[in-house]
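Chain A is already provided as a structure; the job is to place chain B on it using the hints.
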Amino acid sequence: MKRLRLVRRNNESWLVKVAVPILSILLAILVGWIFLVLSGYDAAETYRRMIQGAFGSPYAISETIVKAIPLALTGLAVSVAFRMKLWNIGAEGQLYMGAFAAAGVVMFLGDWPSWLLLSVMLAAGFAAGAIWGLIPGALRAFWNVNETITTLLLNYVAIFWVSYLVFGPWKDPNAMGFPLAPRFPQAAYLPVIPGSRVHIGILVAVAVAVLLYIVMKYTRWGYEVRVTGESPEAARYAGMNVVRNILLVMLVSGGIAGMTGMIEVSGITHRLQQDISASYGYTGIIIAWLARLNPFTVLLVAFLFGALLVGGFGVQTYGIPYAIVLMLQGAVLFFLLAGDIMLKYRLTITRED
Amino acid sequence: MDLNSIVALLAVAIVAGTPLLFAAVGEVMAERSGILNLGVEGMMLVGAVTGFIVTVTTENHWLGILAAAAGGAVLAAIHAFICITLKGNQVVSGLALTIFGTGTASFLGKNYVGLPLTNRFNPIDIPVLGDIPVLGPILFRHDAMVYLSIVLALALWYIMFRTSWGLSLRAVGENPAAADAVGISVSRVRYLATIIGGMMAGLGGAYLSLAYAPTWQESITAGRGWIAVALVIFALWNPLRAILGSYLFGGVEALTFRIQTAGFQISPFFLSMLPYLFTILVLVIVTIRLRQEAGVPAALGFPYDREER
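Protein sequences appear in the order of chains A and B. Quick note, the first sequence lines up with residues 730 to 1082 if you use the numbering used here. Quick note, the second sequence lines up with residues 4 to 312 if you use the numbering used here.
Next comes chain A alone, as it looks inside the complex (with noise of 0.2 Å):
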């Protein structure tokens, strides 16, 4: 008799490391197809529509990118502390806290001159996610406290917090109602690619990339973070300071998630309001893994999520309902979950007799 059985590997396989995310993207396309074909819609021209809208012109190319900045942003955000096993889901409202310091400096200092006012935007907004990202570090670094959780729950007081500013003391008299902070001034506009909206925010996510490329890579503290997320006990047998690095990881991590949420404000909305990220922080949980938490892979992987978010409000004309591009999402990372056996064992037949 025959039998399929999965055997240890002894090595890793290159080969299955980039096989099995292409072919889990691939098999989530059809797992949407088949919804959408139950759901009587046309699949294959749906997709079509979908490409045309990420890709069909320089237009829907740079639209691509503007999306792409703050997945990559906060996918490379979570990554860094997924290195540690930190789960770090809370990116979301780090944005959203980063976000709130960039118009609130705006607010108070609206008149310094343009680059000094965005370094400053830039720096806030650092500092705020960094500081939302520690309150839940430190509850983990000193007591253990489960970080998937509070990092989760504190997504939602973020953005409680701006909608109350936004419908309350920061609401602008002049938006007929709307729930809307003031418009920026001109000087706390991210440059942008004349004729698009791609702005500067671009270089500030390749830039964090390399630098996070290089921290990981060269220097102790990188080596650190990837021994401890492996093995904490192997980490502290060898004297590291477990409680400092959780401490820095969730305050890089929040931090990077914080400049996103400036990015977003500074170059896109030019205003605090509701809907700064269309869940750009829960996003990023996907991509960092499936670039598997490479800071370049996360670049590209970006640019491919930013093309389905991109394709996914095109076929809403369309009649397709935006939650298309959730499902796609849960699905690929279902499926790259699945493939990940592969790296880890092979598939032979036996015979038994």
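No lab work stands behind these hints, which were simulated from the structure alone. There may be inaccurate statements among the hints.
[As the list claims (entries may be wrong)] Simulated crosslink set (DMTMM-like; lysine to aspartate or glutamate; CA at most 25 Å straight-line):
| # | chain 1 | residue 1 | chain 2 | residue 2 |
| --- | --- | --- | --- | --- |
| 1 | A | 814 | A | 953 |
| 2 | B | 90 | A | 959 |
| 3 | A | 1073 | B | 308 |
| 4 | A | 814 | B | 308 |
| 5 | B | 113 | A | 774 |
| 6 | B | 90 | A | 741 |
| 7 | A | 1073 | A | 959 |
| 8 | B | 90 | B | 177 |
| 9 | A | 814 | A | 741 |
| 10 | B | 113 | A | 771 |
| 11 | A | 814 | B | 62 |
| 12 | B | 113 | A | 1004 |
| 13 | A | 814 | A | 959 |
The following block gives chain B in isolation, referenced to the frame of chain A:
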């Protein structure tokens, strides 16, 4: 506050705690077997929408909650397959479940948003018991699902702590290798526990769409799935303590309504933050006081691999 408003507050606390109770007790079951499922929010949403759609279509809310349980079970089965059979990362799989569940629920519910419900679960005034002063209105004038949640919590407690299968379940969560050695199928126990957990989360979601709201809207759960996950820790992995905890958390929600209607000059946004902040606070207190022997299953979150024994 006079007696009447306290009675009203406690009655609302039980209603608001019921969706949490379903979900938390289900998660207790899964975690006791060693499977951490952070997809509770997603399973609740799918339960809420399938329950609602089936109730609207068949005009039978009992069929509705069956569908909700089935919906939660299907999602939980995906998680079980990835985490048990394929030994995938439980945290990430749970997050994927939440994202996928959120998307699936709003996709399925697209044409049902805000529809009125003719066959909701209505409160029943239980004869005699409902007339007891104070206790009557607090405990005995609720809808059937409130009592169902208590019965299921008690039943699952009994199964977990008073039956031989429950012993196997806890053994698998504590020391899967030892359980395997005495002939318990680790995978089978974990599959069952995870899927029952999903059914309970589905019911919790259905309570929101069929009794509490009662309507369907996107993000109707508003983070309750995560509060339920935190509740499991508060309950020290014990369904009986989960009953208490759910009503405590429900009480916080009831209190925010009460403050709102009493006309205090507090922004509703701050009131909305309260349940989340309260959850964090409780989580911190419980974690600091938590001892290893208090109930956390030793193998929670780790896949079982025979070859690694």
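Here is how each hint holds up against the structure:
With a C-alpha separation of about 12 Å, the suggested pair residue 814 (chain A) and residue 953 (chain A) falls inside the 25 Å cut-off, and the hint holds. For the proposed pair residue 90 (chain B) and residue 959 (chain A), the alpha carbon gap of about 17 Å is at most 25 Å, so the pair holds. For the given pair, residue 1073 (chain A) sits about 12 Å from residue 308 (chain B) by alpha-carbon distance, which is consistent with the 25 Å threshold. At roughly 21 Å between alpha-carbon atoms, residue 814 (chain A) and residue 308 (chain B) fall within 25 Å of each other, so this suggested pair holds.
Using a Cα cut-off of 25 Å, the hinted pair residue 113 (chain B) and residue 774 (chain A) holds, with the two alpha carbons roughly 20 Å apart. Between residue 90 (chain B) and residue 741 (chain A) the alpha-carbon distance is near 17 Å, which keeps this suggested pair within the 25 Å criterion. Of the supplied pair hints, the one linking residue 1073 (chain A) and residue 959 (chain A) holds, its CA atoms being roughly 15 Å apart against a limit of 25 Å. A distance of roughly 17 Å separates the Cα atoms of residue 90 (chain B) and residue 177 (chain B); the hinted pair therefore holds under the 25 Å criterion.
Taking the CA atoms of residue 814 (chain A) and residue 741 (chain A), the gap is about 20 Å. The hint holds against a cut of 25 Å. Using a Cα cut-off of 25 Å, the hinted pair residue 113 (chain B) and residue 771 (chain A) holds, with the two alpha carbons roughly 17 Å apart. Taking the CA atoms of residue 814 (chain A) and residue 62 (chain B), the gap is about 47 Å. The hint is violated against a cut of 25 Å. The suggested pairing of residue 113 (chain B) with residue 1004 (chain A) holds, with an alpha-carbon distance near 21 Å, which does not exceed 25 Å.
At most 25 Å may separate the alpha-carbon atoms for a hinted pair to count; residue 814 (chain A) and residue 959 (chain A) meet this at roughly 8 Å.
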